[in-house]
Amino acid sequence: MKIINRTIFYVAASLIALQFLVPMVWMILSSFKIDSVIYRDISTIYAVVPRFEDLTLKSYRELLSMYNVFRNVLNSLIYASVTVLAGLTINSLAGYALARFHFPFKNAILLFIIALMIVPIEAIILPLYLVVHELGMINTLAGYLIPFFVNVMNIFLFRQHFLSFPGELIEAAKVDGLTEFGSYWRIVVPSSVPMFVTVGILTFLGSWNDFLWPVMAITKSDLMPVQVALNAIFSDTYKIFTSHMMAALTIVTLPIIVLYAVFQRYIIEGAIRAGIK
Amino acid sequence: MFKQYKWSEVVTAYAFLALALLLAVLFIVVPIGKAINYSFTDYYLLKPQEREFIGVDNYRRIFTDELFRQTFFNTVKFVVCVVPLQLSMALGLALIVNRKVRGVGFFRTAYFSPAVLSLVVISILWTTLLNPNNGLINEILMALGLSPQPFLTSPSQAMYTIVVISAWSGCGYQMMIFLAGLSNIETSQYEAAELDGCGPLRKFWYITLPGLKPITMFLVITTTIQAFKLIVQPMVMTGGGPDYSTMTILQYIYEYGYRHRNIGYVSAITVVFTIFLIVVSVLIKKLFREEKA
Amino acid sequence: MKKHLAVLLAALVVLTLLAGCSGGGKNDKKDTIVVWTQASADTPEGKMFADRVAKYNELHPDKPQVVIENITRAGAGSGYIDKLNAAITAGDMPDIFTLDGPDVAAYVEAGVIGEVGPYLSEGFADGFTASILQQGTVNGKLYALGYTDSAVVIMYNEDMINALPEEIKAKIPGPDEDWTWDQLLELARDIDNYAATSNDPAFEKYAVAVSTLLTDVASGVYETGTYYFTPLVWSNGSNIVADDGLTVDGVLNSPETVEAMTKYAQLFAGDRPLASASEPEKAFHSGQAALSVTGFWYVNEFNNYPDLKYRTLRYPKMNAQYDGLYTPSGSWAFVRSANISEDRLPQVIEVMEWLTNDEASREYYQKNGSIPARINAIDVIDTNTDNPYFNEAWKVMQFQVQNRNKARPVSVGYPYLSETFAKDVLLRIAQNRATDEATIKSYLDDAVKKIDREFAKYKKG
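Chains as they are written, first to last, in this note's numbering: chain B, 254 to 530; chain D, 574 to 866; chain V, 15 to 475.
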């Protein structure tokens, strides 16, 4: 009975897994073929099962001679890293202040933060564009990056996290002569690394995957992040064939797969934490 | 009255908060203020000097704007279809992988994997897979003896196609959250039920579902709000077509406000849309609470 | 751990500063002249511009260098016009850029492009053909220098036609005969009926009777639709906007326009439509379409399809009795930003002349098959090559350029007008496969309503 149950589980779970994996397998596999082979194989099992004699790097070579995708990948890596570092600093400090200190209007500020959490940011993307426009920061990296440094959700998450931080540790540090910032920096941050990594990874993914804002805020090709560049490549039907497109998608997805493999625990943890709080 | 505060602590606290508050005001509060302000004008971005106050004309126009009405119904159609589909897929997947057997981690990873891909990647990939002339999906359909479908190129199918793709890409994320919820249900409850002779269906109905209720409420709210903000998939896959059948509210804001620079009218839409989303999330919360009582 | 975090924070500060600086310096291209074009970098058109600019830089190493950026035309949000408009709104425009002829008036009205007429060297303007001068002139002032003229014809796949029975073949007019859309529709229907039952190898890849390139409209290049199909309206004695450029009611929804669009709708009617808004990529080039509404640039693209035997026919009329001008014309042209300081203006004008002079015209024809916009360069078209298909195509196009071409309407709201006509009328009919006159009238009425509301902002002043 148990064995039958288990078999049913494995068969069902595998069939479902296929539906999630086949598109991605096809994408990666097709990026190593030429178009005529992709469409020759498309109605056969070889669409998703590799045959080594078909595989080639041709589409990558051709794609990279037409579009400098690595430049866009590098751009996105820089943008995402800056957003993560700035975001972690700004939001964790704010969350820490709200969790630890007593000061006038604390509750008002907390309420303000919670109220802002309800505002759907994408819905106000046009007025945000206008603000950045009026500041003269459209087409500048500052105008593109700074508006998304602050994340009220993350401030709230950090506050919840720091609420449970043992106060005695900080008091002890102060006795040792550390300032408030010093004790935050040397005691609180190092012992909250998992929290920082979790929020950091989510911020990174969000920045890496963002499309709508960079489309509006950046029009210079050499500053384009990957997602916008992908859409531009996708629209260039003159010389871009399926294999080139799949190569581009694979290049862009690769860093994410690596990130996912390394930080899987944190990503899932982050998903749950952002979900339940 | 501020005597109970320590001066140095207050200064430190505000120093820690300053940047976050400044940025939040500048990039969330100010935009909202601007949207409200501009929504009463006929602001055309290229001619700021000709901006005039026109009262509530823009708001009146929303109710006679057929294209807005269509984008609104398109968006509602997407939400009404995708939320139940995606959440039931997520719950189903969570129930399947909520067991301790060898290899279950692989399945969880597999189901979750589309959730880390970007919407642009997903959209481009699926547009290719769903190409009516030579896409993989139609080849599979034909191999199964079914007739090929137009998918994204048909006004009657395009939105449903986007619904399915979105559910496919998003359900792994909610599955993880359901899993966390399932692990919070005490095993002793199931054991007690088993002693009472309850079958798996009754256990599911009387223990699992009620146990998941708070999480489900949360997921319904976030998924609904997320779904109302649909834009990337239609932007990349269909451009809002065919015949505006997949154009969403946010995309209308983008097209008419950003591309055609009609700031005044689109500001009014932005205000209405923002209020609408806030009301929706409050209403759903209420709905769940009443059911509880 | 502490050290790592300190390093991270330092990196953050440096990166933010970098971000601030590299973005902050707005006039960092003072010492270059920036040119934007709508040709994607890898097309022959993009390459011909790049070559031309490279040659200029080589000849003038001492002057500020010209930097060219070729931007793909299609793509939601990232297409050429969207990027250009965004840059203009941000006050970050290139010095010189391309615009499609009919769009020039809108950019003049918005005050973003500057006059070139008075600054050109002696006699330079007189070297352009009359229609190119006309398309670049707004309110009597010359703003835009065209680098190519254009033509649209009908082509057919000779292999497919040869496989047809004689009575269908007889329906094809000669290359020097006028014909009508009724004739074309009848021919296409016959071909399609034959293809449905035939096993002839010529029809092996057949997918659609008529290639219309409406896929361009679906992917955001709206102008292709207006450019290809407004002649149906013209040759039925109507237009899409009145002569004032702002009145659409009674014109875009006139009985003549409705009639022309109802005829157009026949392409998409029935169980087996003759054309499709989602036709395969390069359908005619690759032998998947029997007939094609064909822009002049195809001829150059055919170099990559040596097996294709293409024959050329004139663009058909809607009403056989119509005897005015009606075939598509005009094309993209170079304009300059309105905010160019006086000390840079002479070189900007020099570069614009360099990009559009007689020599450039000849080069563009040779590299991209662009129809010369300069009177002295027209003789570069050689219709006596050893490729009869090529010769025939150019003979028909030359005839149309000289005798039939009509400029698209002048309107300050042209971009919106054209987008709405292409998307809300042409593409909508094709995708919904609407056929009855009432539905099509309602589409046109809807478009009129939308355009009227949008044009209110031009009527304000």
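Since the hints were made in silico from the structure, they are not lab data. Some hints here could point you the wrong way.
To be verified - As a list, the in silico DSSO-like pairs of lysine-lysine whose alpha-carbon atoms are at most 27 Å apart: (1) D:673 / D:650; (2) B:492 / V:69; (3) V:464 / B:492; (4) D:620 / V:155; (5) V:296 / B:311; (6) V:61 / D:620; (7) V:77 / D:620; (8) B:473 / V:473; (9) B:427 / D:650; (10) V:69 / D:650; (11) B:492 / V:381.
Going through the hints against the structure:
A threshold of 27 Å between alpha carbons decides the hint, and for residue 673 (chain D) with residue 650 (chain D) the separation of about 38 Å lies outside it, so the pair is violated. Taken as a hint, the residue 492 (chain B) and residue 69 (chain V) pair is honoured in the structure, with Cα atoms around 25 Å apart against an allowance of 27 Å. As the CA atoms of residue 464 (chain V) and residue 492 (chain B) are separated by approximately 36 Å, the hinted pair breaks the 27 Å bound. Between residue 620 (chain D) and residue 155 (chain V) the CA atoms are separated by roughly 22 Å; this keeps the pair inside 27 Å, and the hint holds.
Between residue 296 (chain V) and residue 311 (chain B) the CA atoms are separated by roughly 22 Å; this keeps the pair inside 27 Å, and the hint holds. Of the pairs offered as hints, the one joining residue 61 (chain V) and residue 620 (chain D) is violated, with about 36 Å between alpha carbons and a cut-off of 27 Å exceeded. Only pairs whose Cα atoms come within 27 Å are accepted, and residue 77 (chain V) paired with residue 620 (chain D) is rejected, the gap being roughly 36 Å. With a C-alpha separation of about 34 Å, the suggested pair residue 473 (chain B) and residue 473 (chain V) falls outside the 27 Å cut-off, and the hint is violated.
With a CA separation close to 58 Å, the supplied pair residue 427 (chain B) and residue 650 (chain D) exceeds the 27 Å bound. Pair hint residue 69 (chain V) plus residue 650 (chain D) does not hold up; C-alpha atoms about 56 Å apart against a cutoff of 27 Å. Straight-line distance between C-alpha atoms of residue 492 (chain B) and residue 381 (chain V) comes to about 17 Å, which keeps the hinted pair within the 27 Å bound.
Checked against the numbered hints above, the structure breaks hints 1, 3, 6, 7, 8, 9, 10 and satisfies the rest.
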